[in-house]
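> Listed below, chain by chain, are the residues.
Number of protein chains: 2
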Amino acid sequence: MEGANPAWAVGPAATKLDGNRPRGDSYYHSWKVLNVPKYVYNFTEGNKDLKDLLGGKGANLGEMTSLGLPVPPGFTITTEACRYYMHHGYNPAELADQVSTAITQLEGQFNRQLGGDSEPLLVSVRSGAKFSMPGMMETVLNVGLNDKSVLGLAKFANDERFAWDSYRRLIQMFGKTVLGIEGDLFADALEAKKKAVGAASDVDLTAEDLKALVEDFKAIVLRETSAPFPQEPRAQVDAAIVAVFNSWNTERARIYRRRERISDELGTAVNVQSMVFGNLGPDSGTGVAFTRDPATGHPGAYGDYLPNAQGEDVVAGIRNTLSLDDMAKIDKVSYDELRRIMTTLENHYRDLCDIEFTVERGKLWMLQTRVGKRTAAAAFKIAIQLVDEGLINMDTALDRVTGAQLSNLMFPQFDAAAPKTLLTKAMAASPGAAVGQAVFDSPTAQAWAAQGHTVILVRRETNPDDLGGMIASAGILTARGGKTSHAAVVARGMGTTCVVGADALDVDPAARLFRVGDVTVVEGDLIAIDGTTGEVFLGNVPVVASPVFQYLDEGLDKALAAAGGGVREAVYQGEDRDPTLVISKGQGDGATAELIMAVHRILSHADAVRRLKVRANADNGEDAARARRLGAQGVGLCRTEHQFLGDRRKLIERLILAHNPAAREEALAALLPLQRQDFVELFTEMDGLHTTVRLIDPPLHEFLPDLTHLSVSIARREALGEDVTDAERELLAAVEKSHESNPMLGLRGVRLGLTVPGLFALQVRAIAEAAAQLIREGKDPKPEVMVPLIGSYVELDLVRDEAERIIREVSDREGVALDIPIGCMIELPRAAVTADEIARAAEFFSFGTNDLTQTTWGFSRDDVEGSFFSNYMELGVFQVSPFETIDTKGVGSLVAQAVKLGQSTRPEIGLGVCGEHGGDPESIHFFNAVGLQYVSCSPFRVPVARLEAGRAAVAVSEGASGTA
Amino acid sequence: MEGANPAWAVGPAATKLDGNRPRGDSYYHSWKVLNVPKYVYNFTEGNKDLKDLLGGKGANLGEMTSLGLPVPPGFTITTEACRYYMHHGYNPAELADQVSTAITQLEGQFNRQLGGDSEPLLVSVRSGAKFSMPGMMETVLNVGLNDKSVLGLAKFANDERFAWDSYRRLIQMFGKTVLGIEGDLFADALEAKKKAVGAASDVDLTAEDLKALVEDFKAIVLRETSAPFPQEPRAQVDAAIVAVFNSWNTERARIYRRRERISDELGTAVNVQSMVFGNLGPDSGTGVAFTRDPATGHPGAYGDYLPNAQGEDVVAGIRNTLSLDDMAKIDKVSYDELRRIMTTLENHYRDLCDIEFTVERGKLWMLQTRVGKRTAAAAFKIAIQLVDEGLINMDTALDRVTGAQLSNLMFPQFDAAAPKTLLTKAMAASPGAAVGQAVFDSPTAQAWAAQGHTVILVRRETNPDDLGGMIASAGILTARGGKTSHAAVVARGMGTTCVVGADALDVDPAARLFRVGDVTVVEGDLIAIDGTTGEVFLGNVPVVASPVFQYLDEGLDKALAAAGGGVREAVYQGEDRDPTLVISKGQGDGATAELIMAVHRILSHADAVRRLKVRANADNGEDAARARRLGAQGVGLCRTEHQFLGDRRKLIERLILAHNPAAREEALAALLPLQRQDFVELFTEMDGLHTTVRLIDPPLHEFLPDLTHLSVSIARREALGEDVTDAERELLAAVEKSHESNPMLGLRGVRLGLTVPGLFALQVRAIAEAAAQLIREGKDPKPEVMVPLIGSYVELDLVRDEAERIIREVSDREGVALDIPIGCMIELPRAAVTADEIARAAEFFSFGTNDLTQTTWGFSRDDVEGSFFSNYMELGVFQVSPFETIDTKGVGSLVAQAVKLGQSTRPEIGLGVCGEHGGDPESIHFFNAVGLQYVSCSPFRVPVARLEAGRAAVAVSEGASGTA
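Here the protein sequences come in this chain order: A and B. Reading the first sequence from the start, the letters are residues 26 to 989 in this note's numbering. Reading the second sequence from the start, the letters are residues 26 to 989 in this note's numbering.
You may find that some hints are simply not true.
All copies of an identical chain are treated as equivalent in the list; a pair is satisfied when it fits inside any one copy or across any two copies.
What the hints assert, rightly or not - Straight-line alpha carbon distances no greater than 20 Å define the calculated EDC-like cross-link-like pairs of lysine to aspartate or glutamate that follow:
id, residue 1, residue 2
1, 762, 731
2, 914, 822
3, 638, 941
4, 914, 839
5, 762, 887
6, 914, 240
Because the hints were derived from the structure by calculation, they are not lab data.
Chain A on its own, in the form it takes in the complex (with noise of 0.2 Å):
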């Protein structure tokens, strides 16, 4: 093998190992180009740009080696190896050599062996995917040794009970992982081992013992797998590349995925990295860091050590870890040596970097970095520290922060005043305030969930297979684990409630209860967690608003001075300092003054960078003026079907029954005054912005009872001889003549308009009307008529030809100046194919996308997301459903064409969007770069979509990446 020159050796390749490392894309592009697909990267030719190609372990493996960071020598298979496997069910031909080839290499470097029987090289095989899945794949160590090696690391070591130990643990794990063996068989034979010696843990066992219980292990393999455990390392490194590429499929890693919205195609990069060992006694150990406190923000090391002990179980949170402060107290050489590390790294990555790294006799190794997750809070304040700190400027700190960031610091928080019973006090995890019925496992967490329970899930501790229950969960509560643990970090990922290390509690899952002193909380308790604060609650507690939100609702004054002021000066003495801010220093910690300003000065800064406008939809006054005190820029969607119901419902009623032009006509002049005041109050609160009515929209029977139930009802007490009125009857002839098969595909939006005389007529009148009244009161409203379900600018152009009429003759008689633009909704495939024809009757366009995506998918919201919905983000047909996210493909493929066509037409035509979608993150940016003036969403929505237009605008202007 040593002597094989390969062909995808030549060119390039040669120029890396003079350290002359080529930039990512440019040289792999060049392999590209010679037909000779290069898999494996040395992490000397790795950087962390190289993420798709490399993972984010693996490129940030090659980053830190190029900084001269200690990183233990390896190579990473790339993604595209991967997906070939996915492809192709088998590895790409070339795949073979290049690894032997990096294996020959890492030998050379170290001058030792794989296998080898003195000084053998191990290596670690690890997944590595673009984006972060913690926990979610595979990970097999201590790969390289067999029956002989197991001799050259006693040697080495100078620690027989350690090698053996380690080979032991390598069977287990591939054992479980490579091989698919019951777990239990490996755990079961390890307590009988401990049983029978009498040995109190693991550490009792002796070399012996554990040489003995090798055997054990082995004989399970040939058991189970009628093949002896492979003794050829090389075959050992083939099937761990091979089981980590199968874990990028498991339903645990898409379940995670879908949640994550991370693309299955993607596939895992692979790294194979030289072993060291944290658990080769009491100057080893291992640990992860973050550089600044990712729950909360503040700056300074943060993490967990764990003196001899190999890294999984750090993470794994098995064992309660040390703090790095206690690090320093145990090995002050390394621990300063990482504090440098942590500098040099977030210098150079700008941002909060976590870490996971490995004491080997004194001798400190890097092992992984990433820009680190964080909480909300502490999203926002990290990002303005690193502004006041000159690391990065306002642009970039407005691309590390999310929408969904934001809508999490929104969420209410326990009322500090009322009364509680506090069960303990542990670990935030994860902040929010979170009340709900104690459940025990995954399965009934997500059973309860579904019957429309909240529950908090209470666990020992959590795994992988947890994540179900962690999903339908309001709140996760566990008794171990650190705040890197896995529930910690998954629940971090997810924006839940969690509190971790609760060791005061006896959580007995058999049982489905848990203990703390003598009070005794089964399944369906109601408790409450502070994911903020890390407290326990028995009973509901009562949450109040957040600081961040009152900030927004209510202004920056006050939100400051409720939080005791105490801000810090950095916060304000940026370099984008905003001068006209001078806040009274008060009592507070200033923790959460300094969230406020974060979020002030973030929000700020997307405001002012932002194209998109917001608006809100609002019903009513009430809804109108929340939105414009949350900064809403106008009323994008005022659904008048809405101010029909209650009372008023039996107006519609009337309307419906009507047996005559008078009868009908009396209907609609009751309506009238009831209308324009409903007007007259929304133009009030939303005086000087413009506000879009929109006219009735579903279908007059919607405003009916429904029709089995009538049926059901009248047959019933006919059948009973019962007094059934002539009115009922009358009323089930009109329910069963307006049923329709379909309501949604049916006379509704336009069609009613133009099928039930004088009803559209009405809704014009009331806004020209209302709109006429405030003038002369000197306001300045500024209604929109917006026609809904237009198909064809035929539709448009009656409508507009009698609104027009309508305005002209309230104009005339009221003496005022009415400029009313009419619009439409675009919420059928045919309005955006033919949008260059009806743009000629439209002043605007509002997208629809909550019916477009209905009629352009062929499905209709009610009847789906309950049923095969869920089945379909299983088989991966969404990543997230279309209704959460504009499916930008379809959805927003008929949204461009669009916008294209009514500009052709119109130039200067208003664009906005009015769905659902105007508030969800991912679908503004697409907004965005479709051309849209405004959003609209609701009033609550609006913080996150200012931010988010912000956002977008950031990341077109400058193609920020949005590492964060």
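For this one, chain A is given, so just place chain B on it according to the hints.
Chain B alone, transformed into the frame defined by chain A:
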């Protein structure tokens, strides 16, 4: 006015007076370049290719003028002027001057003054749209008459009575048409005058009587309009022009256009022509003529003549007319001249011409010509006659007939052998055999038809107000009028069976009955009319298949034998004769055989030239066999859900109610042999031809009882204390569970296949096993698997994976090679816009234009056709239902996108359509243009589709205008 030299009279206008007539469009455009719109064309400037601008009448008057035929001079006001008027509500500023100049020219040509007091110039003002709209719009004759010029006319005509009669006609027509005065007021005054002077009929009134009547009429005008009848001739002209413009938008005109699919946007031209008089005595007259018999296709002059009458009298069908043979006896000179001109015109137009003429004191004037409407049989026969006479080639012949006409000829006819009660025999005006209940007015016809009755409208004569009832009726029977009467022309246009001039009928609309001899037929009685023979029968008459259908279904030999032979020699000696045909001459009159031969030759030519293949939609062997006989080249759609009706419905019910996988698999296993047998039968009939099988499409709950019905039934029995079985309750629960608010947008198509395990698999297995069985029997089955309702390529990928596995399995087990392409429906907008992705997984696309229309427009056929569709047609949103003819602008745009995108991924991808549009003539032209490879339609539409596919190919390759 004469001195005016308007801007438009310079440049190109100068050349026209030299007879240097520029060709239409370029001439028109040169005016546009000068920005001086030309709204008025002298007849010497027009030609037959300017129909868009000058309307059909104006263009043909221009054409005849340049052929040197005797056309009374005049000019045409363009459709552009009309469109301007429609959009602005007033005439373009330039029009008045241009009309003045044209009138001045006319006065110069005749040396007469409009409204002059000696030899006054009188003009007719007539509408003339691009497409003929017989009787739909207004005409005003004798314009230019006033108190002064009436004396001049009397002197010129040497007939005082004629002059005053003309004047009273002008006031009457102008009053009604231009001034909007109720026509009865004039009619009553006329009757009163006749009564007062004791006149039996109009002709008994003397000049003095008429003079007094004119005063009465003028008084009516003054009373009704508060203004005197306008004496200024130019004011009369201008008002008449506006009246014609306005008549474009009357309700009856819009109804007619909708029926005929003429755009409301076209507008009408107005022809102002110097009057000639057919009512100047016995040496005068007026008539209409066809160069061939428009009903039967027989060669030779054919027409109606009314001596001493104005033209409108003929068309109105009020007086019974003479034949042209009778005219020859009265006025041989004019007759000969007319025949000479008819020959000139037919040779010039190379088609059947429809002519209006007037003889004024022995001088023949041509008032109009156009390519004449004809019956379906005549269309085929005339086209072949013209081929055999060397006037046109087969491509043109093909272009001269339509699928609608062929469809018409496929109608059944009355059984000649059945006993019948003949009431009378009259003129066969529009062929076909209609049986229905007699009704006597248009509202009744519409009301009864709406209730599902088949009706025959019986009228003395029809007028444009009857149009609604005519459309609603299966047949039309009138007591008066000739083959060119309103009833005859309109019925032929609609393809409705019609018998006219049945003067044996004594129709009493008020009593709602008619009498023939001693038989009285009252409203609701069944009658039968034969539009081919003119026979009217009492009671029901059985019908038999048409000879053309027999030809199509059983072949040429059988059909000709049944027709009795007698084909004219010319039929098979033309330039395109088929030398392989040898027809035995029999005893028939040859008309039927001639028709069969004409259809055969034209359809054979269509088959030879068409690019589109024609498949059929067939769900079973019987349909497939019929389709194949009718020329289908495969099955484009087998709807497998139709195979689960009847007894098998129970099996689907079992499938739905299955509580566990075993029960489900049992239900599926029971279906497998049945489904396999379905395919064996189908593939056997289609041996050697492709058969596209669509996997089950509708929601499964369509196989269950209706929710409301079942709920009411159970509730009623519960209330009465009757037994309700557990099975019924279980069924109700299942129905409730699977109920969808919008089943069209629910769990159906591929969604069902991906949700119900084993369902699609069963169908694919049945297809594969059926194919394998037939291959082993030496047959050549060519199944294709089609997946419905694909929205994303992922769905198709998933189905394809499973289907390929099953096909491989069957292939391996049965030991036969199975090549079964897998493709999908494109019936969702998303499929259309992501067709590039879908084509990766699809070997073919079949456009499901029914569903695509539903989702593109966002309406479901079931819900909307009965609700707002008629209103939408009325309002002009549709010209025609988009379910009938494809909406090219909206739905068609998506089809075109999908074709382009699909081919970009897979250039050789199969492309067809299987929606109902596949059999619609207009839609077929679109599918041809957009590049599909086949259309699939119901078996009975196959011949129509073959013909239209041929016509589409000819139209594309030759740019044929389709004037017939």
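> Now tell me if each hint is right for this structure.
Going through the hints against the structure:
{"no.": "1", "hint": "762 <-> 731", "in the structure": "both (12 Å within a copy, 16 Å between copies)"}
{"no.": "2", "hint": "914 <-> 822", "in the structure": "between (31 Å within a copy, 17 Å between copies)"}
{"no.": "3", "hint": "638 <-> 941", "in the structure": "within (16 Å within a copy, 46 Å between copies)"}
{"no.": "4", "hint": "914 <-> 839", "in the structure": "neither (49 Å within a copy, 42 Å between copies)"}
{"no.": "5", "hint": "762 <-> 887", "in the structure": "between (23 Å within a copy, 13 Å between copies)"}
{"no.": "6", "hint": "914 <-> 240", "in the structure": "neither (56 Å within a copy, 76 Å between copies)"}
In summary, the structure is inconsistent with hints 4, 6 from the numbered list given earlier, while agreeing with the others.
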